[in-house]
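Novice: Sequence:
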Amino acid sequence: MLVPRPGAGELLVAVDACGVCRTDLHVAAGELPPHRPDVVPGHEVVGHVLELGDGAQGFRVGDRVGVAWLRETCGRCRFCVRGDENLCPESRYTGWDADGGYADFTTVRADYAYRLPDGYTDAELAPLLCAGIIGYRALRRADLPPGGRLGVYGFGASAHLTAQVALAEGARVHVLTRSPRAQELALRLGATSAGGAYDAPPEPLDAAVLFAPVGDLVPVALRALDRGGTLAVAGIYLSDIPALNYERDLFQERTVRSVTANTRQDGRELLAFAEKHHLTVAVSPYPMDRASDALADLAADRVNGAAVLRP
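Using our numbering, read the sequence shown as starting at 540 and increasing by one per residue.
Hints in this document: simulated from the structure, not taken from any laboratory. All figures in this text were calculated on a predicted structure; none of them were measured in a lab. One should not assume that every hint holds.
Just the calculated beta-carbon pair ranges, DEER-fashion [said to hold, decoys possible]:
hint, residue 1, residue 2, range
1, Pro824, Pro743, 38 to 44 Å
2, Glu629, Tyr785, 32 to 38 Å
3, Tyr776, Pro576, 53 to 59 Å
4, Thr794, Arg599, 43 to 49 Å
5, Arg575, Cys616, 18 to 24 Å
6, Gly658, Glu742, 41 to 47 Å
7, Asp602, Gly686, 37 to 43 Å
Virtual Cβ for every residue (Gly too), placed ideally from N, Cα, C.
Please construct the entire structure, taking both the sequences and the accompanying hints into account.
Specialist: As structure tokens, this is what we get:
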């Protein structure tokens, strides 16, 4: 392939590992509208810096670097100014608006690149750059109280990392997923219980995060919440939500919140957490030329943990 040139303020990055995210699947399947024809997917990129564009600061050639979903924001709108850059109307995304990491090389603005914690392999770090970050934001949006009871619906790449963050912070975690292998992984990681996606957890929940892109699970999760509980919907895509019954699903101050992308601060906080509390990252490796197989396995729920491409 042609080696891209870094623009002003950008880094040229040689890709050492790239996670396979469900968002890539939604883009490939047309569930998310294409932003650019024939764009190269991939936004969980771990690599090393090959070249600095004019004015790029903060990194040197050879540094290990992370490239994530949020690629660029305007920095001027009311959302950016107040710290909510994830809501910027002019935001652009790696692997959607610009070529991503399913390739040998990619570029990233230096001020949107991440320094990475030690103690992890490249393949282990890659899922942290979206699955980890968006799960971290979803957990914060769910308003889990200290020592609270968390429900996790779906248990793939993002959920298995988010559960570990909650466990490290003292929560009781109940995992609800259709996959027996994922249930086993959840229990190995320390979950209090693991059951079917439509099962009732063994105790009322203070908070829940929905990772599965299944709208039918929204009323299921809401009914599992205790009074005042919050459900955060973590995905960028969700199938249609069935009609909610106010008294049964929402009354007693239950709350539903969406999660939209992430801020760079979310990323910095998650990576700092991962440096302090070593996370177990379940990785299913694929060679880069088998990216289509990785996406197919992800679509069929055959991936336990996170699929990661390696050159």
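Novice: Taking the hints in turn, state whether each one holds.
Specialist: Now the hints, each set against the structure:
1. Look at Pro824 against Pro743: about 39 Å separates their beta carbons, and that is inside 38 to 44 Å.
2. Judged by the Cβ atoms, the range 32 to 38 Å given for Glu629 and Tyr785 holds: they are separated by roughly 37 Å.
3. The hinted range of 53 to 59 Å is not satisfied by Tyr776 and Pro576, whose Cβ atoms lie roughly 20 Å apart.
4. Range check, Thr794 to Arg599: Cβ separation about 45 Å, and the 43 to 49 Å hint holds.
5. For Arg575 and Cys616, the Cβ-Cβ distance of about 22 Å falls inside the hinted range of 18 to 24 Å, so the restraint holds.
6. Taking the beta carbon of each, Gly658 and Glu742 are about 34 Å apart, not inside 41 to 47 Å as hinted.
7. Checked against the given bound of 37 to 43 Å, the beta carbons of Asp602 and Gly686, roughly 39 Å apart, stay inside it.
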